[in-house]
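Trainee: For the sequence shown, the residue numbers in mature numbering (1 follows the signal peptide of the UniProt record, and there is no 0) are -20 to -1, 1 to 240.
Note that these hints are calculated values from the structure, not bench results.
Small disclaimer: the values here were computed from a predicted structure and weren't measured.
C-beta atoms are modelled at their ideal positions from N, C-alpha and C, and glycine is treated no differently.
For each label pair, taking beta carbons as the anchor points, the in silico distance ranges come out as: (1) 91 to 31: 13 to 21 Å; (2) 136 to 196: 20 to 28 Å; (3) 185 to 211: 16 to 24 Å; (4) 200 to 61: 25 to 33 Å; (5) 168 to 211: 40 to 48 Å; (6) 230 to 27: 25 to 33 Å; (7) 1 to 69: 33 to 41 Å.
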Amino acid sequence: MKKLLLASAIAIAATGQAYADYQFEVGAVYTDGEVGSVDYDGFGVAGEFHFDKVDTSKGPLAEAAFLDKSSFVNFAFLTVEPDFPNADDEDTTNIGGRFVTATNLIIEADWTTQDDGNNDTDAVRIGVGTYLSETSDVVVSYTSQDDDNNNDVDYLNVDFHGVNSLNQGASVAYDVSVGYIDADSDDGYRIGVGGTYYFSNMFGLGVDAELVDVGNFSSDEIGIEASFFPNEQVELFARIFDVGGDADSDGIIIGGAVRF
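Please construct the entire structure, taking both the sequences and the accompanying hints into account.
Mentor: What follows is the structure, given as structure tokens:
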């Protein structure tokens, strides 16, 4: 099976044909892992609607919407079940969008709610940015989060994303993120970096890392992910992550998406 998958990836990468444009994407994920000593598993669905057809000929298919400066709205829902008696499911819902103007101004907004059966947490995020070039952008965003226990947390983030073409159809994408965190009694920071090497427009491997430090709380995370398009309208992806420090956890996410 591994040999067949590798042979298929090489054959697809070598064809170099034009890719089909799309306007709507829908997908699903399965997750499994452990938080502390508690196992969990979960399932999620997501969708994304673009206001115009996305041109997929500009680089890696996974980066098509970014490279085409596409405007869209999206949604996601994830439910996770902890593995202990009488545990409540933990549900997360997100609705948002990204709008790019003719002058390369970027406006982002989204709303997220989390419900673990005992406490609801709501977060609203707004962001403003610009394309620095045809293949890179920067977005400054502010997030306000509160829960039923009146625990308020504010986030200010600066996120940079870019994609560079390399030789023989390969390319590399990279991310840098810096954030300030203001909690009720403490403040702190988060720093994240990541990169993905695309062997072709249809297959990429990436790694990312993040540090968070707020008062007496600190954590560090590292993740490895893969994205593969067996054809131009279907994506398969997987991510493995490990979180250390006060947020000790690990897990895997696997899923797929279809484009129309």
